[in-house]
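Residue numbers (this note's numbering), protein chains in the order written: chain G, 5 to 348; chain E, 5 to 348; chain V, 5 to 348.
It should be emphasised that the hints constitute simulated quantities derived from the structure, not laboratory data. Hints are supplied without guarantee of correctness; some may be wrong.
Copies of one chain are not kept apart here, so a pair can be met inside one copy or by any two copies together.
Computed cross-link-like contacts, DSSO-like style, restricted to lysine-lysine with a CA-CA straight-line distance of at most 30 angstroms [as the list claims (entries may be wrong)]:
hint, residue 1, residue 2
1, K186, K121
2, K31, K168
3, K121, K31
4, K6, K168
5, K6, K127
6, K127, K168
7, K6, K31
8, K186, K31
9, K31, K127
10, K168, K121
11, K6, K186
12, K121, K166
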Amino acid sequence: MKRDFLDMTDFAPSEVDELLALALRLKRGEESLPDALHRKTLAMVFMDPSLRTRASFEVAMHKHGGHAVVLEPGRSSWAFETERGVVMDGTTVEHIAEAARVLGRYADAVAVRAFPKGNDWSKERQDRVIRDFASYCGRPVINLESTRRHPCQGLADALTLKEKLGQTRGRRFVLTWAYHPKALPTAVPASAALAAAHLGMEVVIAHPPEFALDPDDMAAMTEVSARAGGSVQVVHDRDAALGSAEAVYVKSWGALSCFGRPADEAVLRAPYRSWCMTGERLQQTQDARAILMHCLPVRRNVEISDDALDGPQSAVIDQAENRLHVQRALMIHLLSGTAGKESL
Amino acid sequence: MKRDFLDMTDFAPSEVDELLALALRLKRGEESLPDALHRKTLAMVFMDPSLRTRASFEVAMHKHGGHAVVLEPGRSSWAFETERGVVMDGTTVEHIAEAARVLGRYADAVAVRAFPKGNDWSKERQDRVIRDFASYCGRPVINLESTRRHPCQGLADALTLKEKLGQTRGRRFVLTWAYHPKALPTAVPASAALAAAHLGMEVVIAHPPEFALDPDDMAAMTEVSARAGGSVQVVHDRDAALGSAEAVYVKSWGALSCFGRPADEAVLRAPYRSWCMTGERLQQTQDARAILMHCLPVRRNVEISDDALDGPQSAVIDQAENRLHVQRALMIHLLSGTAGKESL
Amino acid sequence: MKRDFLDMTDFAPSEVDELLALALRLKRGEESLPDALHRKTLAMVFMDPSLRTRASFEVAMHKHGGHAVVLEPGRSSWAFETERGVVMDGTTVEHIAEAARVLGRYADAVAVRAFPKGNDWSKERQDRVIRDFASYCGRPVINLESTRRHPCQGLADALTLKEKLGQTRGRRFVLTWAYHPKALPTAVPASAALAAAHLGMEVVIAHPPEFALDPDDMAAMTEVSARAGGSVQVVHDRDAALGSAEAVYVKSWGALSCFGRPADEAVLRAPYRSWCMTGERLQQTQDARAILMHCLPVRRNVEISDDALDGPQSAVIDQAENRLHVQRALMIHLLSGTAGKESL
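Produce the entire structure from the sequences given, and follow the hints as far as they go.
What follows is the structure, given as structure tokens:
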């Protein structure tokens, strides 16, 4: 039975904890497992651009003796068709049914990035591209950010919170919406909140009223949170929310009510240009010491000001570094089954 | 003396058989040669896009300790000039004379994909880009699909036929033309038919009258076939041809009489939209059991229907997987000289 | 203290000599150091295209057990912002402040190519993109060609001169401007002249009067040359300069007085179309034996004629090959500290 990693909840909570513990040991050099991925290959399919994901997975594979192959459909390889049953007489050249099956024959695991196409949320919210890809592929499929989830980012977020805060249960995690010149997907905020919920944190999501996340995301967070002994709350008053925050996760996303209508969405978004995180606002957090998180790339002085990003509370570079370590742990877990048994 | 692999006929028939035998042992794990390509490098030059070729060669090199470098002239590297004696004051930035020579100094072998440009068949049929590249380069050059040949695909086709049919001599291989929204090159059908001819099969090529392959291709097939004890035949009645088929290879290609005139070619092609392979047609083959082959990417429900591709006769994924194994064997043969001596 | 390699003068002259000596031993196989870069990674950031640089660094890393990750901002990864303090509400998606810091967490070294943007020489001549990148990054940063310098090319040029001429001090190196359909950067000519100056050569730069290099480049050459016992001279009569040349380095560059105004620059350049190096002109060099150098890619029959490039005096392929060997030495020097102590 092959294991996929499409969502953090695909793994049992204890399995996630083991992954995080292994990641931390790898990061600290307490464990090195230099040949755990010897001659293993990961095929990475980027339907959308990447810096961190690509670089960190390539380095992760190499550090343990493996190799990542990078494919970019529509650029260096053929444009993919993702719909079932379609008559392919248009511009798409290869169906993911073939691509997924073939790559599963070449590589030991396949990783896929497929952002939403931005047409119809009622359909795209099913996250079918990544799910179909996984169902076609005979090897473990790893989600590098789909329409709904970015679980590798979620793992890195969780590791960062554990590293910076130590004991996480009951501590306040504020996910705050930010302005951005474009309507961005919701996969990262949903995954970050799920990560904090997994850690039993008091999750507060602050956003303008029009920017609610999908109800299924909220339900998933509530379920994970309940099991882990935390809570989830939505507020529209960002400044109040920051008061007792110990971690502030800044992220922009588009209004789902206007999904597929960017001009309308821009009108909804326009009044909230002041939702930019600044050093001054970070001073309002608990003991003026909350860590500042962001998945990167970040629009400087739009989402977060220079002084906040370059200031002492910023954890964004550590958080990006943690992508490397959680992915080392993930690949070792999936491909060599040597994930450690100790808890963090 | 360096060895190139531009066409299956560059190798003696016994050498091809040894390659196929090694590929099969590698596939079955009977031989692993984990360090046969230790620290060897293959420079891959893609003047045109790729999924299978790129991924399978990268994995092939890594599996034996080597590494493939991927270059894409005109995108990530400089646009190539291929004509001799030209005054380069236009848009091309680097001549293949330099590129081929330099890459031959960096890598242990160089692989090149260069599709036809679609201007003038009388000139392009000479396949000069790949041949010039090989003549300039001091290291083995491997054809990743040129105007006239795709010999790595041919090797994979041959391995698939041997695996699926066992004894191949005298058994019926039907290469059937298919409709496609674009005029495609003839390298794959020529190489597939050559592969079947090499195996001594009874090769039947079914296509509408306007879609004859180049006479030189037909002559090459006839010569290979005669040596191997098989036969080659062209028919225009697809359904009759399928009757006793044991392997059905579906492939589209453009009419060479209209090469360089796509609008005219589209008019020629239009009446043959019904040349789509279906599950029902596959039932008309010998004992309703012929294997279905295609080089991929395939236009679903245009070249081949969903039910045929996803049905029990489909061998297209195995065929794609075999790219990996024949290329492992090829690289080991070219770079380490350890190709096994046993015949299949 | 991390070491960057942004300019040849970042290293002490003796250190450059050691690098060149190691490169030569590696090239000749007198030293192999097969595991000197075992499991080390180099992240390469190409803001502009590359063939030689990319291929030679990938091969260099692999030959010693390491791996190079290739990133292409604006294509496969996010478009970079390079200005400080900017409000990023336009088309750039990630600031190099984040990119440089993050890549320095993933890889053991980071290499960057960033050509001039072609707007304002008074500003761009500060070479701030590469310098900022290095200041943000916690790991060694290697210049793969910035606005002002291409030091890896300079190292390869120096190695080629040593190999071909043996003793270099006092021997005549002529850098001659060439016509080209576009205004090219000055990083290569400046770096080549610096390399020859480092070797104590009699450096002669021949160019039409309008094509002076930046005064700072001239000052740097003069300083390096004085220390090494050579000389630097500018002339406008190419044919006279060739008389006693033992090495002829052909290179085109744009007129800095028209930087950012390509139409004006083209007018300045137009009268000099005859500045193309030919076999006949090479015959005018010392004993008709001067070696012909060029960094590649070269516009055949525009910068250099076919007969010169393909003739016996051409060293351009050896020069390109030397990129590989100097970069092997450079990476080993930066990442494993095992650069040999012997002088050449």
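**Item:** Earlier hints that do not hold, by number
**Value:** Hints 3, 6, 8, 9, 10, 11 and 12 are the ones this structure does not satisfy, whereas the remaining hints hold.
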